[in-house]
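Engineer: Read off the chains here:
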Amino acid sequence: MIRGVVYTHADLGAAFCRTVESMLGPQGGLQGISNEGLSGESVRLKLEETIADGEGESIIFTALLGGSCWQAAEKYCREREEIRHITGVNLPMLISFVNKRETTSLDELTDLLSEYGRRGIHP
Amino acid sequence: MSLLLVRVDDRLIHGQVTQGWGSILHPDRYVVVNDSAASNAWEKELYEASAPQGTSISVLPIDRDAVANLQRWLDSEEDVVVLVESPADALRLYEKGFVFEILNVGGLHFREGRWRVLPFVCVDEDDVISFRALKALGVQIECADVPGCERKDLFKWLGNEASGN
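Keeping their order, the protein sequence lines are chains A and R.
Residue numbers for the first sequence follow this note's numbering, so the first one is 1 and each next one is one higher.
Residue numbers for the second sequence follow this note's numbering, so the first one is 1001 and each next one is one higher.
None of these hints come from the bench; they were simulated from the model.
Just so you know, even glycine gets a beta-carbon here, dropped at the ideal spot from N, CA and C.
Heads up, a few of these hints could be off.
[As the list claims (entries may be wrong)] Facing chain A, a subset of chain R residues (Cβ under 7 Å, in silico):
{"#": "1", "residue": "Asp1010"}
{"#": "2", "residue": "Lys1096"}
{"#": "3", "residue": "Ala1144"}
[Unchecked claim] Here are the simulated BS3-like cross-link-like pairs (lysine-lysine), alpha carbons at most 27 Å apart as the crow flies:
{"#": "4", "chain 1": "R", "residue 1": "Lys1135", "chain 2": "A", "residue 2": "Lys75"}
{"#": "5", "chain 1": "A", "residue 1": "Lys75", "chain 2": "A", "residue 2": "Lys100"}
{"#": "6", "chain 1": "R", "residue 1": "Lys1044", "chain 2": "A", "residue 2": "Lys46"}
Taking the hints into account, I'd like the entire structure generated from these sequences.
Structural biologist: This is the structure we're talking about:
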């Protein structure tokens, strides 16, 4: 199963995961983490602590392009084949992630979630 | 055109800077002055690619060329925000010839050996030495993580904690 890590500011990541679980039931392999109080270097280290090498395929979700979590995730997945990163996380994206992650390949899922995330935005 | 902000932030450029300060100050350019980021082509590109619409991000090492570049941008039509990672880097930049009157302290997060002065400002002895040197050069050290919050004079807060160091 592909693991999901939602890495954002304050309590947003954990709240996203709680919200998904309130709709779809308890989920393994879905975790919200926060950059709160962390220095630039520690924001990167937090990802290394959360996703140990060799743990298998994961997708990191961040909220803000250019933010510290985004930078850390870009750096982290750069040299790791089994990690993908999507920014602009929203609820439709995470719900689709949970529903599709056991039946879809990592690359397909990454593309699909970008699309589903966009479909959730409407004027 | 004008120097909008010189900021110490160990996250360098990130949401608080581009979304928080950026939406108030409307800079044309963010300049990250950092030896490590400037020496890594990929990291440099990552920062440059994260520029909010209508702005540029430049990443320079701390040297005299950086000072010349900064001066050139300021002499042109650009409004500039400058970011450094540490008080020591702010001092080095000043000593290379980039003179500024106010230094914003926006984010020095906790790490081993640092003690907390404000919720978003932790310092160690080396940080305090650099801050004191900057103060001696006439730089006003103001703590503010986000725009709109009260500007706190670092030395008023250092007071007790720093005594004996």
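Engineer: Hints broken by the structure, by number, lowest first?
Structural biologist: 2, 3, 4
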